[in-house]
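Number of protein chains: 8
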Amino acid sequence: MQPPATPDEGTVHLGHSRIDVDRRARTGDPEVVFGAGKSPQQVVEILTTLHAAHPDTAVLATRLSPESLDAVEQHLPGAVADRLARTAVLGPLPPARGLVQVVAAGTSDGPVAAEATVTAQVHGARVERIDDVGVAGIHRLLAVRDRFTEADCLVVVAGMEGALPSVVAGLVGVPLVGVPTSVGYGTGAGGLAALLSMLNSCAPGVVVVNVDNGYGAGVHAARVARASARAAAAPAADGGQAVLS
Amino acid sequence: MQPPATPDEGTVHLGHSRIDVDRRARTGDPEVVFGAGKSPQQVVEILTTLHAAHPDTAVLATRLSPESLDAVEQHLPGAVADRLARTAVLGPLPPARGLVQVVAAGTSDGPVAAEATVTAQVHGARVERIDDVGVAGIHRLLAVRDRFTEADCLVVVAGMEGALPSVVAGLVGVPLVGVPTSVGYGTGAGGLAALLSMLNSCAPGVVVVNVDNGYGAGVHAARVARASARAAAAPAADGGQAVLS
Amino acid sequence: MQPPATPDEGTVHLGHSRIDVDRRARTGDPEVVFGAGKSPQQVVEILTTLHAAHPDTAVLATRLSPESLDAVEQHLPGAVADRLARTAVLGPLPPARGLVQVVAAGTSDGPVAAEATVTAQVHGARVERIDDVGVAGIHRLLAVRDRFTEADCLVVVAGMEGALPSVVAGLVGVPLVGVPTSVGYGTGAGGLAALLSMLNSCAPGVVVVNVDNGYGAGVHAARVARASARAAAAPAADGGQAVLS
Amino acid sequence: MQPPATPDEGTVHLGHSRIDVDRRARTGDPEVVFGAGKSPQQVVEILTTLHAAHPDTAVLATRLSPESLDAVEQHLPGAVADRLARTAVLGPLPPARGLVQVVAAGTSDGPVAAEATVTAQVHGARVERIDDVGVAGIHRLLAVRDRFTEADCLVVVAGMEGALPSVVAGLVGVPLVGVPTSVGYGTGAGGLAALLSMLNSCAPGVVVVNVDNGYGAGVHAARVARASARAAAAPAADGGQAVLS
Amino acid sequence: MQPPATPDEGTVHLGHSRIDVDRRARTGDPEVVFGAGKSPQQVVEILTTLHAAHPDTAVLATRLSPESLDAVEQHLPGAVADRLARTAVLGPLPPARGLVQVVAAGTSDGPVAAEATVTAQVHGARVERIDDVGVAGIHRLLAVRDRFTEADCLVVVAGMEGALPSVVAGLVGVPLVGVPTSVGYGTGAGGLAALLSMLNSCAPGVVVVNVDNGYGAGVHAARVARASARAAAAPAADGGQAVLS
Amino acid sequence: MQPPATPDEGTVHLGHSRIDVDRRARTGDPEVVFGAGKSPQQVVEILTTLHAAHPDTAVLATRLSPESLDAVEQHLPGAVADRLARTAVLGPLPPARGLVQVVAAGTSDGPVAAEATVTAQVHGARVERIDDVGVAGIHRLLAVRDRFTEADCLVVVAGMEGALPSVVAGLVGVPLVGVPTSVGYGTGAGGLAALLSMLNSCAPGVVVVNVDNGYGAGVHAARVARASARAAAAPAADGGQAVLS
Amino acid sequence: MQPPATPDEGTVHLGHSRIDVDRRARTGDPEVVFGAGKSPQQVVEILTTLHAAHPDTAVLATRLSPESLDAVEQHLPGAVADRLARTAVLGPLPPARGLVQVVAAGTSDGPVAAEATVTAQVHGARVERIDDVGVAGIHRLLAVRDRFTEADCLVVVAGMEGALPSVVAGLVGVPLVGVPTSVGYGTGAGGLAALLSMLNSCAPGVVVVNVDNGYGAGVHAARVARASARAAAAPAADGGQAVLS
Amino acid sequence: MQPPATPDEGTVHLGHSRIDVDRRARTGDPEVVFGAGKSPQQVVEILTTLHAAHPDTAVLATRLSPESLDAVEQHLPGAVADRLARTAVLGPLPPARGLVQVVAAGTSDGPVAAEATVTAQVHGARVERIDDVGVAGIHRLLAVRDRFTEADCLVVVAGMEGALPSVVAGLVGVPLVGVPTSVGYGTGAGGLAALLSMLNSCAPGVVVVNVDNGYGAGVHAARVARASARAAAAPAADGGQAVLS
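Chains as they are written, first to last, in UniProt numbering: chain C, 1 to 245; chain U, 1 to 245; chain H, 1 to 245; chain D, 1 to 245; chain L, 1 to 245; chain Z, 1 to 245; chain R, 1 to 245; chain W, 1 to 245.
Hints in this document: simulated from the structure, not taken from any laboratory.
What you are looking at is a predicted structure, and each value in this text was computed from that prediction instead of being measured.
Possibly wrong hints are sitting among the right ones.
Computed spacing ranges between beta-carbons, pair by pair [unchecked claim]:
(1) Z/H75 x D/E67: 42 to 50 angstroms
(2) D/V144 x U/P55: 47 to 55 angstroms
(3) D/E67 x L/P95: 33 to 41 angstroms
(4) Z/D146 x R/R145: 56 to 64 angstroms
(5) U/R147 x Z/E67: 53 to 61 angstroms
(6) L/H75 x H/D70: 55 to 63 angstroms
(7) D/E73 x U/H75: 28 to 36 angstroms
(8) Z/S39 x U/E73: 45 to 53 angstroms
(9) R/A143 x D/E67: 46 to 54 angstroms
(10) D/S39 x L/P95: 33 to 41 angstroms
(11) U/L84 x Z/H75: 19 to 27 angstroms
(12) U/Q41 x R/L142: 36 to 44 angstroms
Yeah, the Cβ is synthetic: ideal placement off N, Cα and C, and Gly gets one too.
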């Protein structure tokens with residue numbers, strides 16, 4: 001593998017792409033490589049470059065092909081690859097602030113839930129997983145409802161009819177992100193049914209990301225958790241009696 | 001109003017339409033007038049004609065405009081008009097066989113639930129209504145779950161994300177028809193989200209009708225109830241040990 | 001193959017999924033494995049686990065890949081695999097109560113009709129098949145119309161323009177489930193044309209399931225048949241003269 | 001009303017539009033005014049202009065508003081206005097050559113069937129109407145099937161699930177044009193279900209026009225009839241034994 | 001290969017399908033095998049069966065895979081296979097009556113045009129091909145416009161924006177069937193743009209078939225040609241002066 | 001106006017609907033009336049009932065018609081009606097905790113931004129408005145970018161191409177909810193373009209609500225702010241060094 | 001009318017909106033008011049404000065309601081209102097540089113063509129109109145083809161099947177913008193067919209704007225013309241022999 | 001390889017296609033081969049034929065498969081193949097007149113930007129590339145904004161939410177073509193989100209081509225540049241004071 005390029009003014013020029021190594025300063029988020037469409041060698045090279053620029057914190061790669069995961073494991077022994085989530089993480093995780101719960105309806109939603117989990121961890125949140133609580137067996141969901149109130153943000157992953165976020169959002173007032181998955185067939189193929197279901201939730205306050213976008217949900221959820229932690233470190237931010245603007 | 005035409009060979013020729021007065025013999029269902037796009041006078045005339053052909057059982061008119069409902073009340077004092085369901089019924093109801101429960105998620109789903117209710121009654125079923133049990137307040141639904149097992153068929157009406165049939169179908173093994181309603185806005189306008197949600201239910205055995213089609217759901221549910229009653233009057237129909245064909 | 005896990009509180013934890021072994025008590029339906037996306041080993045393992053929990057009645061696996069069907073035949077000699085339906089059944093069938101007729105328009109609709117057939121049998125109904133009665137040769141359909149009145153529930157399977165349920169529902173008053181299939185090309189590819197056709201049937205009482213969802217139709221149809229049988233065992237359920245609510 | 005403009009080189013310039021008075025020579029079809037979006041005065045003016053250019057044969061106006069129909073009746077006493085078809089015809093009809101049958105599924109399809117009827121007559125065909133033969137009452141359709149073989153071209157009009165053309169095309173080998181109508185609601189609103197149904201017909205040789213386009217179907221059907229008549233006037237056109245090109 | 005089954009009452013039962021050998025008597029069309037989804041052996045078997053039932057006229061197979069075409073050539077030496085059209089024809093063609101012109105916009109539309117051509121020939125029409133006359137080079141189209149008037153029916157095949165039928169239909173009054181093809185990419189992928197374009201043609205009388213459905217267009221066009229020939233053999237069918245119904 | 005009904009077990013039964021007065025205890029959110037489809041009298045009655053059950057905190061009504069706003073102002077002098085937001089608020093606002101910024105692209109997005117603003121205030125957040133910062137004049141957006149870092153949650157409202165959330169989310173790491181609006185025409189009519197744009201944002205962590213759903217965005221944003229405040233009142237919640245699960 | 005506000009730092013704050021009066025310096029384009037959704041008084045006020053800031057050049061208002069057009073004519077006697085284009089122009093036009101031809105398929109496309117015309121003139125181009133050259137009468141189009149070569153940019157407006165840009169772009173190499181219009185019905189309603197047709201044109205180099213967006217096409221076309229003029233005033237810009245990058 | 005066919009009357013007949021060698025005289029554009037669906041041998045053959053007819057200027061082939069690129073490199077040593085753009089160019093480039101800037105949002109948009117680049121060069125423009133300026137890192141875009149004013153036409157390529165053209169068009173008044181790319185997943189798959197975003201841009205004057213159609217954008221942009229150069233060679237084309245038509 002060729003040696004990584006030298007960072008310059010917040011941008012690193014590799015042969016195949018320009019890497020924005022300034023994003024962290026701008027947004028507080030770690031650097032991320034979107035692995036789809038990139039060769040195994042490119043993935044390894046970008047991870048190496050980003051890690052060299054930020055040796056003190058984790059960088060994340062998502063949507064990795066099996067070949068890219070193989071290459072990461074072979075060339076970057078310090079990286080942690082996750083075959084289910086299709087991710088790799090290189091460098092130490094940040095301190096975990098706040099709690100994100102990732103709730104999944106069924107076994108088939110596992111890969112997307114795993115991507116959300118790894119992403120939220122790399123973005124600085126503690127994560128709990130709650131699995132197999134689909135709405136067709138509501139008793140399993142109700143058995144864990146008390147746990148939901150402990151979370152700073154919920155990520156609720158479901159395919160097929162995508163009803164789970166509506167039911168969970170009716171149980172607690174915790175901020176909640178719905179993630180539709182492309183699990184299904186016929187009119188549900190591609191996740192359209194689940195996406196529309198979540199966008200039209202009868203429960204208030206459900207926000208949504210694109211189909212299978214566990215990464216986006218993980219980023220948002222971790223940001224919410226980080227905001228909680230930031231507030232905890234500062235004096236109480238009560239703004240007094242509100243007035244309607 | 002001009003006098004109704006004379007029935008002839010199973011068909012009545014009015015000026016504006018040919019009425020099939022033979023349907024009942026063919027399918028066991030009552031005669032029905034689809035009122036959308038028909039003038040108040042036409043509605044009254046067709047109801048009168050069908051009632052004359054079948055004085056011993058109810059005929060049903062659906063999708064009536066306020067003007068048509070006014071005309072029915074004025075010209076057909078024996079008819080029962082329902083402003084919410086937008087229906088009118090003329091003639092005695094058949095004996096009620098079996099039990100249909102019509103379950104509605106929210107207040108806005110009321111008109112469709114009412115259409116399903118009247119339809120099932122005219123088609124020979126007893127009907128119970130269970131209202132305001134949307135999934136965003138799951139405790140209200142669970143409070144009535146034991147009642148569901150008493151039904152011969154469930155008609156579950158919901159708009160927005162349309163999750164209610166999935167949750168109910170996970171609770172009981174009763175035959176269940178989902179009815180999506182056009183309640184909603186944005187991407188949910190027109191009922192598409194609810195329809196797709198029900199078609200892609202993760203709970204097994206949910207069948208679906210078109211958006212706002214309370215009539216179709218009522219017909220199917222009543223037929224299921226009638227089948228139950230027919231079986232009850234006959235010797236037990238156990239077919240012995242099944243074999244895979 | 002590793003030994004199956006031990007059931008505990010209605011749920012079995014295998015390495016890859018949590019199995020709900022309580023569903024039968026809740027809904028009266030048998031246990032089912034949705035085989036899509038599962039490895040042959042996982043399918044065999046789950047079937048084994050479910051069968052151990054319910055040795056006295058059949059468990060069903062659907063959407064099996066050819067490899068999973070091979071594995072079932074090799075490792076579970078007591079199972080019955082159906083290559084056309086892509087199903088496997090392990091354990092004795094329940095007594096057959098009521099009659100479901102599965103009606104298919106054309107040869108290409110065969111796999112979906114077969115899935116509906118096996119499903120209804122495993123869910124406790126007797127099943128008859130009526131094939132190749134597409135609407136483009138209406139004489140073949142009319143030749144069998146008298147048989148339709150014997151059914152407790154009809155499952156009507158059709159691709160392309162999906163007109164068959166409309167025609168059949170105009171002939172008899174038996175409860176009828178339409179199953180659109182993804183047979184077709186151009187604008188009909190994916191089954192959208194057939195699905196919309198059935199949702200918009202001019203014949204009253206047609207209910208619909210998702211494209212290619214023979215399983216869902218089979219469950220509903222068998223439930224209708226079971227309801228008929230339950231009624232037959234109890235005193236007549238006539239509710240007296242109905243009243244409009 | 002201002003006096004009509006003078007024709008010049010196949011085009012007449014009115015204040016509001018340029019009228020192509022040469023189309024008849026080019027295609028053999030009569031002149032037609034598409035009335036949608038035109039004022040009553042414009043409709044009258046264009047009809048007057050076209051009639052002056054072609055006094056020996058009919059000109060047709062379609063999609064007329066009630067106000068335009070009023071204006072035509074008031075200002076053009078020689079014109080024949082049809083309130084159902086929303087058409088007006090000015091000038092003598094051409095000789096009727098060949099037979100077009102316009103077949104309609106239900107009462108609501110009447111306006112589109114009427115537009116097809118008038119159009120085919122103005123384009124030189126004899127037209128028969130066959131109404132209320134929807135597929136939900138297949139016996140009414142079968143009662144008239146022998147008549148279909150007499151037609152040179154069939155125009156089959158249906159809304160909702162749009163199944164009628166498939167059934168008719170399975171009965172006879174006559175050229176057949178399907179016309180989907182916007183009759184319906186929910187997913188069928190706008191005629192999409194009927195259009196897709198006809199495009200995906202399992203019966204061979206069904207051709208289709210746009211939703212509610214009775215005019216287009218009438219033009220095509222009359223052209224087919226005219227072709228038949230042209231052939232009848234000439235010596236037999238048998239091309240001998242065909243060869244595969 | 002196993003010996004073909006024996007015909008019985010208009011239907012032949014092979015192991016895998018029931019063949020309707022009565023269609024020709026009913027519609028005048030030849031027998032056709034839709035080859036998609038059928039194995040090479042099944043195609044050969046059905047062709048053999050149909051040819052045995054109708055040795056005096058051609059049977060047609062469409063949508064054949066390369067493997068099925070190989071099998072036809074190997075096992076049925078009397079058959080004519082067309083690799084571009086993906087068709088096979090077995091048995092003598094009927095006499096050619098009337099003229100169908102198949103007009104194609106570009107080279108990529110060739111397979112669909114070829115399917116329409118073979119189909120029309122097997123259904124009894126003489127066929128001429130006019131190729132590479134897309135609207136982006138309108139001079140090539142105008143160079144052949146005089147030939148269009150000789151046709152009894154035009155089949156106009158185009159992908160991408162599908163404008164060719166509109167332009168041709170503006171030039172002549174011959175019956176015209178548009179065939180959209182799935183040639184294109186982006187929003188045009190799948191033929192939707194071409195289909196909508198043809199359905200919304202500003203030229204009157206354009207009728208349309210499903211995307212890539214050269215077969216359907218060929219059947220319709222040949223029927224129009226056969227109608228012309230039938231008329232030619234009979235006394236002139238002038239219906240006298242038409243009257244508006 | 002009839003006197004309000006008596007609360008009972010968390011539910012109040014009015015003639016027209018059952019009101020859930022228990023939601024606040026369950027989720028911490030205030031009571032809300034969705035005004036669409038309700039009569040002015042019903043809106044007033046439900047607001048009165050909810051206010052009687054919760055006199056110490058605000059209740060909110062959204063999507064009010066002008067007539068309902070009139071009725072609220074006439075009958076409930078203590079209520080604050082907002083004509084732009086189409087909302088009414090009755091009862092004292094809760095203390096404002098945390099800061100929500102509502103950012104709007106253009107003047108036409110004002111009503112949706114106003115609904116989000118009022119909702120977030122009623123749900124307990126302080127709100128700042130930043131208007132007219134559409135991406136076509138990027139200098140206006142950059143002029144206020146430093147303010148964004150002060151917010152606990154951003155609500156970014158945009159119609160047409162909906163690009164604003166992507167640009168803002170690239171500037172700061174604050175949790176951000178995009179709200180597409182139905183401002184636009186042609187292919188953008190109904191807000192589809194803006195919705196898809198936000199779902200597919202190239203900036204990480206953008207979450208989305210349904211078109212025009214300012215209410216949903218306001219609920220989520222206020223919940224995020226409340227979470228921040230809850231954390232501030234408790235000891236620091238640092239979870240120590242995270243580990244990849 | 002209240003006196004207009006004072007400009008300040010490139011932005012004028014009226015009560016209802018902030019006006020960007022700096023756009024001209026940034027892009028060279030004039031100021032424009034999008035009138036949809038604005039009251040007549042607001043339109044007049046904004047036009048007055050913009051004209052005060054830029055008295056030496058025209059400002060444009062588009063999508064004006066009849067009431068706004070009335071108000072403009074009453075309150076701004078110096079303005080030129082166009083009822084067909086639904087525009088108003090206040091202030092002197094810029095010098096006309098370059099030639100834009102606006103080509104329209106039919107009479108119904110007139111309003112969109114008029115909007116494009118006025119827009120291009122206000123943005124500094126000379127404009128010629130060529131009307132009624134739809135593809136169904138190709139001879140009219142060919143009669144004017146030589147004129148197309150004189151234009152610096154063509155704006156081609158068409159509804160229904162939208163084929164005109166493809167045909168024109170095949171005739172000349174002039175830059176060409178297609179504008180689909182919402183003229184049509186059925187599947188063509190809303191302009192989707194025309195939009196897709198233009199996006200998928202088989203003629204190279206056709207660019208497209210949103211449905212009915214005559215304004216956008218006018219801006220682009222005038223910019224192309226201004227670029228031509230700018231080049232004419234400078235020394236020749238030949239870049240020498242190109243090299244493939 | 002067989003020898004190329006002889007040109008004749010502006011058309012060359014190869015075995016597999018008719019080549020229009022007259023297009024250059026008609027439109028001033030070079031000859032182009034659309035390589036999708038053509039075999040490597042066909043591509044080489046057509047390039048050879050076109051080059052023989054126009055040896056003094058470049059011919060272009062697009063959408064070449066890797067195999068076709070291999071064949072071009074092997075058989076046509078004078079050709080320049082571009083693996084990223086999937087193009088091949090044979091013959092000398094024309095003189096470069098005017099400047100096209102091709103601006104790309106991200107690395108994944110590279111192939112489409114490369115196709116636009118090569119196309120514009122072959123069509124006679126000088127091209128500059130500006131890469132990796134996506135809106136999520138707006139500082140990179142602002143760093144290059146001054147360069148945009150030097151272009152005669154901008155081609156702006158973006159996938160996902162496709163916001164880049166809106167932002168760029170708000171910065172400068174240069175003619176701008178947006179090219180949506182199929183980069184993305186979920187609801188963005190296929191480029192629909194980016195396409196709708198660009199069609200609905202809030203910035204005036206953005207014109208659009210089909211998804212991934214770098215070729216079409218390159219043709220239009222080069223034509224704009226050629227128009228600029230043509231104007232530069234002629235006397236100033238100021239048309240004097242414009243008048244509203």
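Okay, which hints does this one fail, numbers in order?
2, 3, 5, 6, 8, 9, 10, 12
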